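Using the sequences plus the hints, can you model the full thing?
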Amino acid sequence: MNAGIFREGALANNPAWTQLLGLCPLLAVSNSVSNALGLAAASALVLLGANGTIAALRGYIPPFARLPCFVLIIATFTTVALLTLQALAYDVYLKIALFVQIIVTNCMILGRAEAFASRQPVGAALMDAAGTAAGFALALVVLGATRELLATGGLFAQMEGLFGPAAAAWQLNLTDSGLLLAALPPGAFIVAGLLLAAMNAAGWRRRDESTHEAQNDEAT
Amino acid sequence: MADLALILVGALLVNNFVLAQFLGLCPFIGASGRYDAATAMSLATTFVLTLAAAASWVLYHGVLVPLDLTYLRIIVFIVVIAATVQLTELYIASASPLLHQVLGIYLPLITSNCAVLGVALLALQQELTFGGTLTYAIGAALGFSGVMVLFAAIRERLDHAAVPEPFRGAPITLITAGILSLAFLGFAGMAD
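Protein chains in written order, with the numbering used here: chain A, 1 to 220; chain B, 1 to 192.
Check before you lean on any hint, since a few could be wrong.
Stated by the list, open to error - Chain A side only, calculated, beta carbon under 10 Å to chain B, not exhaustive:
1) Leu23
2) Cys24
3) Val71
4) Ile74
5) Ala75
6) Leu82
7) Phe99
8) Leu110
9) Ala188
10) Ala201
Claimed, not checked - Chain A residues, not near chain B, derived (Cβ > 12 Å throughout):
11) Arg7
12) Ile61
13) Gly153
14) Phe156
Hints were generated in silico from the structure; no laboratory data involved.
Computed from a prediction, not measured in an experiment: that's the story for all the values here.
For each residue, glycine too, the CB sits at the ideal point set by N, CA and C.
Here is the structure:
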C-alpha cells in the first residue's frame, strides 16, 4: 500500500506537471542540474519533516487553527533546511538561498499537509512526502538537465558544490556551442512549456481536475 | 531621490518579479485566466505586499537584529504576512463590503504568494533603508500587477486562438509567458 502512495505522489499526481504547483522554484532554480538537485534536497527535507510532524501531531492540532500551525511547522523546517544547506554546501547556498527560503510558501507542501498528512498515520504521511519529493525532484532535474544541455552544450557542471571535489570530474561536454536563451528567464518558461506539450503529445500527462488549468479551461 | 527612482525602475521593469525573478508565478498562472479576476488579485496583492514589506522591515531591524535572532526571519515574516492578510481582510470587510466581495476570495491566497515573502527577503539582502524597502515593495507590486493584467488580456485573446491540441492549457500559457519575459529582457541594463 505504501509503494502505491509513493507512486501516486511521484508520478500519477506529480506536483509539478499535473498540478502545476511549486512553479516558482521549479523555473527559477532549474538552470543547472546542480542547482536543481540542491533545491530538490532542501524541498525533500521540508516535506518529510513537515508531513511527519503534522501527522504525529494531528490529534493535538485544533481544526480551526490548523493552517497557521501547518505554516509554522513548515517555516520551522524551512529554516532547518536553509541552515543545513548553508553548513554543508555553501556554494550552492549562495545561488539558491532565496528559493530555499521561499519553500515555506510553496503550495505543494501546504497542500500535502492539508490533504494527506493531517489525516493519516506518520508512516503513510512520510511515504506521501517521499513520493511528492521524488516527483518534484524528477521534474526539477529533467528541466534542469534540458536547460543546462541547451544553454551550455554540457551537463553536470559545478557538481563539486554538492558532492565534494571528486564530482568536478563528472562534468560532461558534448558541444561547445550553446543557446544562451535557455539559461535566461524566458528560456525557463519556454522549455517548461515545450516539455509539458511533449508530455501531452505522448499521452503521459494526466490533467488534474482540481488544477488551475482545469478552472481556466472552464472559463473558455 | 535618484537612488529611490533607480530602485523603483529596477523592481518594476528590469528585475520584474514575475518575469525575471520567478516570484509569484502561482497567481500569475492561476488567476490570470480572466481579466477582472486578474485586476482584483493585483489590487489585493499590491496592498498586502507593500504593507507586509514595511512591517517586516520594522520587525527585523527593531526586534530580530537587537536580539540576535535573525535566523528566525522566515518564521517571523510568514507570520507578519499572514497577519497582514487577516487585518486587511477584516478592514476591507468593515470599510467597504463591495470591495470585500470583489477581493474576498483572493486575499487568503496572497499568504502563499512567494512574491510577498520574496520582497521582504530581497529587501534585506540588498540592505535597503526603510524608504528604499517601501519603494522597492511598491515597484515590485506595480510590476506584478502590470504583468498580471497584461497577461490576463493576452490570455483572453489566446482563448479564441486555434492552439494545437498538445499545447492547450498550461504549455501555451508558459510559452506565452516566456515570450513576454523575452520582451522584458529589453529593459536589462536600465538599472541594477
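Against the structure, the hints come out as follows:
The interface hint given for Leu23/A holds, since its Cβ lies 4 Å from the closest Cβ of chain B, which is under the 10 Å cut-off. Here the hint on Cys24/A is kept, as its CB sits about 5 Å from the closest CB of chain B, short of 10 Å. Given the 10 Å rule on beta carbons, the hint for Val71/A holds: about 6 Å separates it from the nearest Cβ of chain B. This hint holds: Ile74/A has a C-beta 8 Å from the nearest C-beta of chain B, less than the 10 Å allowed.
With 10 Å as the threshold, the beta carbon of Ala75/A comes within range of chain B, its nearest partner Cβ sitting at about 4 Å, so the hint holds. Among the interface hints, the one on Leu82/A holds; its C-beta lies about 7 Å from the nearest C-beta in chain B, closer than the 10 Å criterion. With 10 Å as the threshold, the beta carbon of Phe99/A comes within range of chain B, its nearest partner Cβ sitting at about 8 Å, so the hint holds. Interface restraint check: Leu110/A against chain B, minimum CB-CB distance 6 Å, threshold 10 Å, status holds.
For Ala188/A, the interface hint holds, since its Cβ comes within 10 Å of a Cβ in chain B; the closest pair sits about 7 Å apart. Interface restraint check: Ala201/A against chain B, minimum CB-CB distance 4 Å, threshold 10 Å, status holds. Every CB of chain B lies more than 12 Å from the CB of Arg7/A, the least distance being 22 Å, so the non-interface label holds. Every Cβ of chain B is farther than 12 Å from the Cβ of Ile61/A; the closest lies at roughly 16 Å, confirming the non-interface assignment.
With a least beta-carbon separation of about 21 Å from chain B, Gly153/A lies farther than 12 Å from that chain, consistent with its non-interface assignment. For Phe156/A, the condition that its CB be more than 12 Å from all CB atoms of chain B holds, with the nearest at approximately 23 Å.
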